[in-house]
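Undergrad: Each chain is listed here by its residues.
Protein chains: 2
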Amino acid sequence: MRIAITGAAGFVGQAVVRQLRQSRPDVDLLLADRAFTGPSAYPTLAGDLTDPAIVRALCSPETDILLHLAALPGGAAERDPQASRAINLDVPLALVEAMAGRRLILAGSIAVFGGTLPTQVDDTTPPAPASVYGAHKYMVEIAFADAVRRGAIQGMVLRLPGIVARPAAAGGFGSAFLSDIFHAAKAGTPYTIPVAPDATSWLLSARTCAANLVTAALGDATAQAAVTLPALQVRISDLIDSLARVGDVQRLTFDEDATTRRTFGSYPPLTTRCADDLGFQHDRSLTQLVETVLADL
Amino acid sequence: MRIAITGAAGFVGQAVVRQLRQSRPDVDLLLADRAFTGPSAYPTLAGDLTDPAIVRALCSPETDILLHLAALPGGAAERDPQASRAINLDVPLALVEAMAGRRLILAGSIAVFGGTLPTQVDDTTPPAPASVYGAHKYMVEIAFADAVRRGAIQGMVLRLPGIVARPAAAGGFGSAFLSDIFHAAKAGTPYTIPVAPDATSWLLSARTCAANLVTAALGDATAQAAVTLPALQVRISDLIDSLARVGDVQRLTFDEDATTRRTFGSYPPLTTRCADDLGFQHDRSLTQLVETVLADL
Chain A
1069 MRIAITGAAG
1079 FVGQAVVRQL
1089 RQSRPDVDLL
1099 LADRAFTGPS
1109 AYPTLAGDLT
1119 DPAIVRALCS
1129 PETDILLHLA
1139 ALPGGAAERD
1149 PQASRAINLD
1159 VPLALVEAMA
1169 GRRLILAGSI
1179 AVFGGTLPTQ
1189 VDDTTPPAPA
1199 SVYGAHKYMV
1209 EIAFADAVRR
1219 GAIQGMVLRL
1229 PGIVARPAAA
1239 GGFGSAFLSD
1249 IFHAAKAGTP
1259 YTIPVAPDAT
1269 SWLLSARTCA
1279 ANLVTAALGD
1289 ATAQAAVTLP
1299 ALQVRISDLI
1309 DSLARVGDVQ
1319 RLTFDEDATT
1329 RRTFGSYPPL
1339 TTRCADDLGF
1349 QHDRSLTQLV
1359 ETVLADL
Chain B
1069 MRIAITGAAG
1079 FVGQAVVRQL
1089 RQSRPDVDLL
1099 LADRAFTGPS
1109 AYPTLAGDLT
1119 DPAIVRALCS
1129 PETDILLHLA
1139 ALPGGAAERD
1149 PQASRAINLD
1159 VPLALVEAMA
1169 GRRLILAGSI
1179 AVFGGTLPTQ
1189 VDDTTPPAPA
1199 SVYGAHKYMV
1209 EIAFADAVRR
1219 GAIQGMVLRL
1229 PGIVARPAAA
1239 GGFGSAFLSD
1249 IFHAAKAGTP
1259 YTIPVAPDAT
1269 SWLLSARTCA
1279 ANLVTAALGD
1289 ATAQAAVTLP
1299 ALQVRISDLI
1309 DSLARVGDVQ
1319 RLTFDEDATT
1329 RRTFGSYPPL
1339 TTRCADDLGF
1349 QHDRSLTQLV
1359 ETVLADL
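Protein chains in written order, with the numbering used here: chain A, 1069 to 1365; chain B, 1069 to 1365.
Looking at chain A on its own, in the form it has when it is part of the complex (with noise of 0.2 Å):
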């Protein structure tokens, strides 16, 4: 059985490819991403999604499971939203097509729900996106739920939730302070927090999204609907109680940013059933989580 994982160089991706090593080494992984640095364990495809040949490659008949995480982040995709629309619509797009009849797993986004969240989110709350990213992920899981309808492809879009700790100073992301927080309070380093103590932000970590996305790739269910991922609400004063008993927090300090409260820090509670039925898991609780992130940097 071969899966093929497209973003396999990024953070989740990395993760992905960890983990599938560890627990089926039975596995055969195709890898692919813009570059790659250093050697592989696994065959890679370095080249770009927008180019036919590389989608024709990534989706020969040998491969069973294509797992795609790549993608133009939010910030990104605002200032260039003709890229967005390559790289974030057309290409997977593009991907429904070329996996018809085999089984597809789309890394969506909580992006669709847009700047305005009602008191409460759970599986019937509609998407209402306010950014070019959000747009395009919501696209993309019509489209899946169509070609779901119609019998033509299986498996799921699942909308991702912050994902910590990205790299320190990855670019285009909006949601970036929430991963740069876990790097600042790692190396006791100074760094001002764009939201007050009390914003609220959904979070998981790396190493469970991960797990969920190989759950989804390495299992049978198939579901018309995007599928919103378990994650922990939590309070930004909270995380920072959490690290401060693992971390260094004495330099952190808040300016807020209305823009990105708004956007990434009033996230109300969440409930999934959806994803809970299906087997996905959230981080245990803000203790574990952030132990499982610091160990993981």
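Keep in mind that the hints are not guaranteed to be accurate.
Computed footprint of chain B on chain A; a stretch qualifies when at least three of its residues, placed anywhere within it, have a C-beta under 8 Å from a C-beta of chain B [to be verified]:
1. 1126-1132
2. 1148-1157
3. 1191-1198
Please keep in mind that the hints were generated in silico from the structure rather than gathered at the bench.
Positions of the beta carbon are idealized from the N, C-alpha and C atoms, including for glycine.
Let chain A serve as the given structure and place chain B on it in line with the hints.
TA: Here is chain B on its own, set in the frame of chain A:
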């Protein structure tokens, strides 16, 4: 001022051109369609909108307003999802791009609501497409809304209900029976209606639909959310009673097809406050709708 119109040779397009010619002889029109038969009072552009050269010609700097009516109909879209993607998704997205900063009116569809409607439909009813056609129309709504949010486009998407009467035996439309009833009643010919007498549909005459499209094109309102056009909720038995007064319905019979009933004959009451506030009209009564449609056949 120049208005470019796609699908201009279609039955709604022709009604739009007729109304603009009468009411606004000062306006230049550029008419686009795959082909034109006979002479035209306005310049024509014959070709396929999937050809970028046609889009460039259509959206040249002289075009102030674009009214996009061309589409691959629902039945044909279901049989060829790739063709629907090209015509019903990629073309409108290209037009949003090419008309940046100008006014664009896109013909959407109530097909975005899918097969199973709630007991009442209004401007808050969430779309849930259940067809290739509806999925692509909904994806375009999302892209248009995002372009409006970014200030990249002006205008709106108008969701069209069942427009009567299409030309007899129009291919590719599962809703064609609604038009065929009018043709059969006018000619006194036999016709088997594929829903029961108590089926309900939303109807709008081509003439009133065209008037609404002209209102949208010439106005200056921009709507981020798609606007569902007003329509009459019509019971088929009531339609036949009205037709009996001015036509010959003796040879109409019924043989309900479950899919047609579910998809095109189970429409609940419709409220369209957004459209009403923007000045869009429905046919004032079923009697008036029948008179208008038969007069235009």
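Undergrad: Please go over all the hints and tell whether each is borne out by the structure.
TA: Against the structure, the hints come out as follows:
no. : hint      : result
1   : 1126-1132 : violated (count 0)
2   : 1148-1157 : holds (count 3)
3   : 1191-1198 : holds (count 3)
Against the hints set out earlier in the document, a violation occurs for number 1 only.
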